[in-house]
Amino acid sequence: MPTTTKTLFAAALASLLTVGLCASALADQPHRQYAPKPEGGYSSNPHVSQDHTKTYPNWTNRANLDPERVMSEKLQWTTNWKFMDPPFDDSLHGGHLAMDRGAELLAELNGSDNRFARCLGSRDGNLKGLRANHYPHFNQELGKVVNLEMMIEHCAARQGVTLQHGSYDNSAVSVYVASHSNGMPIRIDVTQGELKAAYDRGQERFHLRTGRMNMACGTCHVTLVGERLRGQALTTHYGDVAHWPTYRTKDELQSLHVRFTECNRNGGTQPLKPGSQPYVDIEVFLTALSNDYPVAVPSARD
Amino acid sequence: MRKTLFIALASALAVSAVATADTKLPDDVLVNPDFDVRTAWPYPKANSGEIEWRPHGRDLTQWITLSYEDKRGIPEPATVRFNGNVKGNVERGREIATHVRKGNCVACHAIPGAAQTGTAGPSLEGYSTRGVPDSYVYQMLHDPRALFPETVMPAFGAMNNLTEQEIHDVMAFLKTL
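Which chain is which? The protein sequence lines are A and X, in order. Residue numbering for the first sequence follows the numbering used here, starting at 1 and increasing by one per position. Residue numbering for the second sequence follows the numbering used here, starting at 1001 and increasing by one per position.
Think of the hints as simulated: they come from the structure by calculation, not from any bench. For glycine and all other residues, C-beta sits at the position ideal for the given N, C-alpha and C. Hints should not be assumed to be uniformly reliable.
Below are the EDC-like pairs computed for lysine to aspartate or glutamate, each with C-alpha atoms no more than 16 Å apart in a straight line [to be verified]: (1) X:K1045 with A:E73; (2) X:K1087 with X:D1134; (3) X:K1175 with X:D1134; (4) X:K1087 with X:E1164; (5) X:K1175 with X:E1095; (6) X:K1024 with X:E1069; (7) A:K250 with A:E262; (8) X:K1045 with A:D251; (9) A:K37 with X:E1150.
Just a sample of chain X residues kept apart from chain A, beta carbon distances all over 12 Å, derived [said to hold, decoys possible]: (10) D1028; (11) D1036; (12) Q1062; (13) E1076; (14) G1084; (15) V1086; (16) K1087; (17) V1152; (18) A1158; (19) H1168; (20) K1175.
Using the sequences and the hints, build the whole thing.
Have a look at this one:
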């Protein structure tokens, strides 16, 4: 923020004169504000390399991150926190414990006929690729777009087992399932059908300003990217879904939607339930922005 | 009475531990009508298939959410006139400016004496020496969008985020910087 007070004050006076002119013409619509999209907007066929912050070259390959950049207080944000993913970070943490528990839970639920894995969409019980290119998708039977954690809850409930979306055990199973996609690129097609509709809605939700601080997801992750909020540097939302659920170093195994509730609260917005449609739509949007970025779990984040 | 009923209901249907009592609120918001502060968040307690719902530090239900059912809007940008003098309490102002659940100015602005401040807005160090009129500061705190249409700074007054008295307290505090 190099602008001095004097210039701010003068610019402010000039814009005062124009405010009167832009009063809403749609008197019956509630007034809403949007955070600006990145320059050039979003592609209808997104790819992780389209990252608006142009930091993608720094975190393209997690094995080859520049250690100096990772240690640099000023430039660390340009690594998009990928230094906390395997293989760059192979230290043992709570995410590994979760993965082991997930394996046990899944084996129990599978029984002798792989029924749980098949309910999640696996043909022969093999979990390969489910995280990377099967979710989120439109589920005909349920009539809506679902993510992996919603299906884990759904398939467990069919056997009378409670695995609430956002709970530790649900995320533990999800991390274990995701581990079978390690190294595989994320791939969802948002160019047509229900996923396209969800992608478009997710984009709109991501930029809608809400809550007591009048902030959008995009206020922090687009407008303020690279700045610090309360000391924490803000990073791009491209490539963000490839390491979830993640182990937060405050000792909390977090699903992506639980992270959304936390980001909502940090921005002063009343959070929604995990699995709510706006969160699913935002997940579709963010997943498309991770297209071709490889899955890496178990990961950690501060 | 209501409480026992609610608990009975909650144990019958684990998921309904988070329900909306206020019919005007969208169905998909995370509130627990049984909490003093209704805004809830999901804590994934270890080795459990159930979420532990915890109260947030502030009730956020009066502001618009991301729910598609939420038809509320926000006030249009408006100019305000400042009359008279700043009648605020410096210490209260400091508390509001530095507290996360209140003004949280430090999230974006460097303020002397505060740790872990942000860089999204200009530093407020030495602000009182810059000769900025009270009316300008008041407008910024009430509704900065009238001056900067795309600003990220919240409209503290216009959006019922800080009371008139709290705005005066913060203004009094800024005069000490």
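Structure-based check of each hint:
For the given pair, K1045 (chain X) sits about 33 Å from E73 (chain A) by alpha-carbon distance, which is inconsistent with the 16 Å threshold. Our distance criterion of 16 Å between C-alpha atoms is met by K1087 (chain X) and D1134 (chain X), whose separation comes to about 12 Å. The hinted pair formed by K1175 (chain X) and D1134 (chain X) meets the criterion: a straight-line CA distance of about 10 Å does not exceed 16 Å. Using a Cα cut-off of 16 Å, the hinted pair K1087 (chain X) and E1164 (chain X) holds, with the two alpha carbons roughly 10 Å apart.
Taking the CA atoms of K1175 (chain X) and E1095 (chain X), the gap is near 15 Å; set against the 16 Å cutoff, the hint holds. Only pairs whose Cα atoms come within 16 Å are accepted, and K1024 (chain X) paired with E1069 (chain X) is accepted, the gap being roughly 10 Å. Only pairs whose Cα atoms come within 16 Å are accepted, and K250 (chain A) paired with E262 (chain A) is accepted, the gap being roughly 13 Å. For a cut-off of 16 Å, the pair hint linking K1045 (chain X) to D251 (chain A) stands: about 10 Å separates their Cα positions.
For the given pair, K37 (chain A) sits about 12 Å from E1150 (chain X) by alpha-carbon distance, which is consistent with the 16 Å threshold. The Cβ of D1028 (chain X) does not lie farther than 12 Å from every Cβ of chain A; its closest approach is about 4 Å, which violates its non-interface assignment. At roughly 16 Å from the closest C-beta of chain A, the C-beta of D1036 (chain X) stays outside 12 Å, upholding its exclusion from the interface. Not every Cβ of chain A is farther than 12 Å from the Cβ of Q1062 (chain X); the closest lies at roughly 8 Å, contradicting the non-interface assignment.
Listed as outside the interface, E1076 (chain X) is inconsistent with that label: its C-beta sits roughly 5 Å from the nearest C-beta of chain A, within the 12 Å cut-off. With a least CB separation of 21 Å from chain A, G1084 (chain X) remains clear of the 12 Å interface cut-off, as annotated. Here V1086 (chain X) stays apart from chain A, with its beta-carbon at least about 18 Å from theirs, past the 12 Å limit. The Cβ of K1087 (chain X) lies farther than 12 Å from every Cβ of chain A, with a closest approach of about 24 Å, so its non-interface assignment holds.
Against chain A, the non-interface label of V1152 (chain X) is violated: not every CB pair exceeds 12 Å, the least being about 5 Å. Under the 12 Å C-beta cut-off, the non-interface status given to A1158 (chain X) relative to chain A is violated; the minimum distance is some 9 Å. No beta-carbon of chain A is positioned within 12 Å of the beta-carbon of H1168 (chain X); the least distance is around 19 Å. The non-interface label for K1175 (chain X) is consistent with chain A: the shortest C-beta to C-beta separation is roughly 15 Å, beyond 12 Å.
In this structure, the earlier hints numbered 1, 10, 12, 13, 17 and 18 are contradicted, and the remaining ones agree with it.
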